[in-house]
Amino acid sequence: MNGSRIRSYFVAFAKGYIRNPVGLFFTLIFPIILILIFGAVFANSGSVTVPLYVENLDHNSPASVAFLAALNSTGAVRVDVISPTAGNLSTYLAKNSETAGLVIPDGFQAALVNRTHVNVVVFTNPSAASEAGIVIGAVTGVENAFNLEEAKGSVIVSSSYLNVGSRIYTYIDYLIPGLIGFSILTSPMFSMVNISSTWKRDKLFRQLSLTPLTRAEWLTAAMLWYVLLAIVAALVMIFVGRSVFGAHVSVVAWMFPFLVAGPVLFVSVGLIAGSVSKTPETAAVIGNVILFPMMFLSGTFFPVSSFPAYLQTVAHILPLYYVIEGLNNGILFANGAGALQDLIVVVVVATVLFLVAISVFSWREN
Amino acid sequence: MTAAVEVEKLVKTYGSVRAVDGIDFTIETGEVFAFLGPNGAGKTTTVEILEGIRPSTSGQVRVMGRDPWKEGRELQRKIGVIPQDFHFFPKLNSREAIDLYAGLFGVPSRAKELLDRVELSDKADALFENLSGGQKQKLGLALALVNDPQLCFLDEPTTGLDPRARRAIWAVIRGLKAEGRTVFLTTHYLEEAQLLADRIAIINLGHIIAAGAPSEIINRYGRPERLRIVADPALAEPLRRQLGLPVDVQNGAISVELHAKGDALKVLSWVESSGYSYSSFSTAQDTLEDVFIRLVGVSDHSALDLAPEGDSA
Ligand SMILES: Nc1ncnc2c1ncn2[C@@H]1O[C@H](COP(=O)(O)OP(=O)(O)OP(=O)(O)O)[C@@H](O)[C@H]1O
Ligand SMILES: [Mg+2]
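Chains as they are written, first to last, in this note's numbering: chain A, 494 to 859; chain B, 702 to 1014.
One or more of the hints may lead you astray.
EDC-like, lysine to aspartate or glutamate: derived pairs with alpha carbons at most 20 angstroms apart [said to hold, decoys possible]: (1) K792(B) with D695(A); (2) K878(B) with E892(B); (3) K696(A) with E830(B); (4) K779(B) with D849(B); (5) K771(B) with E709(B); (6) K508(A) with D800(B); (7) K696(A) with D786(B).
Stretches of chain A that chain B covers, calculated by requiring three or more beta carbons in the stretch to come under 8 angstroms of a beta carbon on chain B [unchecked claim]: (8) 688-697; (9) 704-716; (10) 834-846.
Label-pair distances were calculated between CB atoms; the ranges are [as the list claims (entries may be wrong)]: (11) R763(B) with I511(A): 39 to 45 angstroms; (12) F795(A) with T758(B): 55 to 61 angstroms; (13) E729(B) with V725(A): 51 to 57 angstroms; (14) P791(B) with Y803(A): 41 to 47 angstroms; (15) F800(A) with P756(B): 48 to 54 angstroms; (16) D817(B) with L529(A): 47 to 53 angstroms; (17) V725(A) with E830(B): 21 to 27 angstroms; (18) D817(B) with S743(A): 50 to 56 angstroms; (19) F785(A) with I910(B): 54 to 60 angstroms; (20) D826(B) with P514(A): 18 to 24 angstroms; (21) L721(A) with W770(B): 32 to 38 angstroms.
Calculated directly from the structure, the hints in this document are not laboratory data. Glycine included, each C-beta is placed from N, C-alpha and C at the ideal position.
All chains should be built: construct the whole structure from the sequences, respecting the hints.
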C-alpha cells in the first residue's frame, strides 16, 4: 500500500466521478429531490397532540384521575397511563422514543386533602422544544386550576421538570436517515457494478495493471471516495432536512462509523455483482435485483416498524436495514447501545463481503 | 550488448486454439524490432506475455532479464506500453492522464514535454472521450513514456490513423531509437516495419515464418527483379521461347524475370524488333509487401491493411 499512489488515483477517480452527471445526480441530487417530495407530501402528518406517558403512583386516587382528566381535556396532550415502571419512566420513554412523561407521586390525593405541598415530575426533551413547551404549559395550567380550586389559591401542587432523551418523530425525521442510507447504498452499487464489468471490457484494468498501482490500492482509493461521498451526502441531507422541514436531525458522531462501513459494504456487493457476471448487461440486471428490494425494504422511505410483520422479517436480513437502523439510533434516538449493535452487524457483513469481493474480483482476464 | 527480450519455444493456447505455437526470437538492446503479421497471427498474445499481463502456456521468456509473469510488477516499472485498442478514463483530460500516470509511477509529471513530443499539446485540456482515434493513440504513446522506459512495447500504434498522424508517431519512434531505447513494435503495415525496424519477424498462425533485417528478408524471400511490359499478351509466348526467361501474364501486363544484368536490355530490344506494339514498361522489385503476401499465403490484398502511401524520408 502506497499513500501517494492511492492519492493520485483517488484524485483521478474523483474527477471522473464528478464529471459524470449521472453518478452525482444519484448520490446527491436525487435523494434531495426525494426529501423535498416526501417531505412536502407528509409534512403535516406529525401529531398535534403530544402523547404524555403517565405513571400514576397514587393508586388511581380520584384526585389523581381528575388531574389527568383535566390534562387530557386541554387537547394539548394525550394522556396515556402506563403500568408503573418502578421509578424508571425516563428510561421507558427513551426506549420507546417518546418525548414526554409525568409521574404523579404516591400521596398526591392525601396532600390535597391535608393541604400539604406535593410535587409532580414532568419529563420533557429539550431538543423537542415545541413539544416540551406544550407539555409544560398544559401541566402548569392544570396545576394552577387545581391550586385555585382545591387549595383556594395557595400552592399545593407544583411540578419539577426533568429531561428525557426522547422525542416525537415526524415522518421527515425518519426520512433523513433513510435517505442517507439510500445514498450509501446506491452510489457505490451503481458505479461499482458498472466499473467492475465495463472496465474489463474497455481494458482499463489492464491499463492500470501496467502501472505500479495495486488492486488493493485501487480498491482503497475507490472506497475512500465513496466514504467521502456518503459523508457529503449525509451532511447535505441533514442540512436540507433541518432547514426546509425543521427535521429533528443533527450531525452526531455515531453516524460516521456507518458512513464508513456502509460504503465499504456496498462497494463490495457491487464488485461481486460485477465480477460474477459475464457482460455489463448481466451485471446491471444482477445489480438491480440486489438494489431495489434492499432499497424499499430496509426502511429507506418508511420506518420498518410500520411494515407488516413478514416484511419486517425480510428487512432484518438486509444489510441496509442495519445501516439505516444504526443511523436512526445515532441521529434520532441518541441510542448508542442500539447503534453499536447495528454497527457490529454492518462491520461483520462488510468484512465478509469485502473478503469475498477481493477474492472474486480480478483485473486480469482468464 | 545484452538482449532486451529473449523468447524460446514460446507457446500460448486458448483452449484448442494455438495462438502462439513455439516461437523463438531475441531483441537486442537499442533496436527497433517489428512483429509483422495478419489479424489473429498471435502478435498481441506474444506482446502481452512479454509485458507480464498474460501467462504463457510453455516456453522461456526473459524481458530485461526477468520472468515477466512472475516479476511483472518490477518489470512494468521499467517498460512502456501502448496496448492495442488503447483506452483510458473517458473523463480525464490528456494532462490529467499523464499526471495520474506520473503519480502512479512516482515520477515527476512531464505532461507538457510529453504532449509536445507526441504533438498533442493543443488537446491537453480535452477529455479523453472527446479525442479522435489518432489523438488517443498519441496520448497512449505519451503515457507509455511517462516512466522513461528503456523498453517500449507498441502494439499497433498507428492502426487506423491518417498518414499525417502516422508520421508523427513514426517520428516519435525514431526519437526513441535515437535515445537508445529498445522498441518492440507490432504492425500490419509492411511499410512501417520496413521504415522503422532494424529487424522484422513475420508471424502467421502463431509461427514465425521469416525473420531478419528488412533487406535480408526481401533478398531471401523476394523474387528476382522483373521487367513489366504493358503490351499485347500474345507477346508472352514468343518472348518466353526466344529468351528462355520466366514470363508471366498478370492484369494485362507481361512480367519477365530478370536473371542477369543485361537481361532487361535483351528483352527490350527483342520486343522493339518483334513488331508487337507495347505502351509502357517498367522494372519492379519485390517489396516487403510482396514477400509478406507470398509468405503469409494471402493472395487477396484486401485482407490486409496496406499503408495508403509511402514515406519519402
Ligand atoms: N482471450 C482469448 N481467448 C481465446 N482466444 C484468443 C484470446 N485472445 C486471442 N485469441 C486468439 O488467439 C489468436 C491470436 O490472437 P492475437 O490477438 O494475438 O492476434 P494478433 O496478431 O494481435 O491479431 P490482430 O492483428 O488482429 O491484433 C487469434 O486466433 C485469437 O482469436
Ligand atoms: Mg493484436
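Subject >> Hint numbers not upheld by this structure, sorted from lowest to highest >> reply: When the structure is compared with the hints, only number 10 turns out to be violated.
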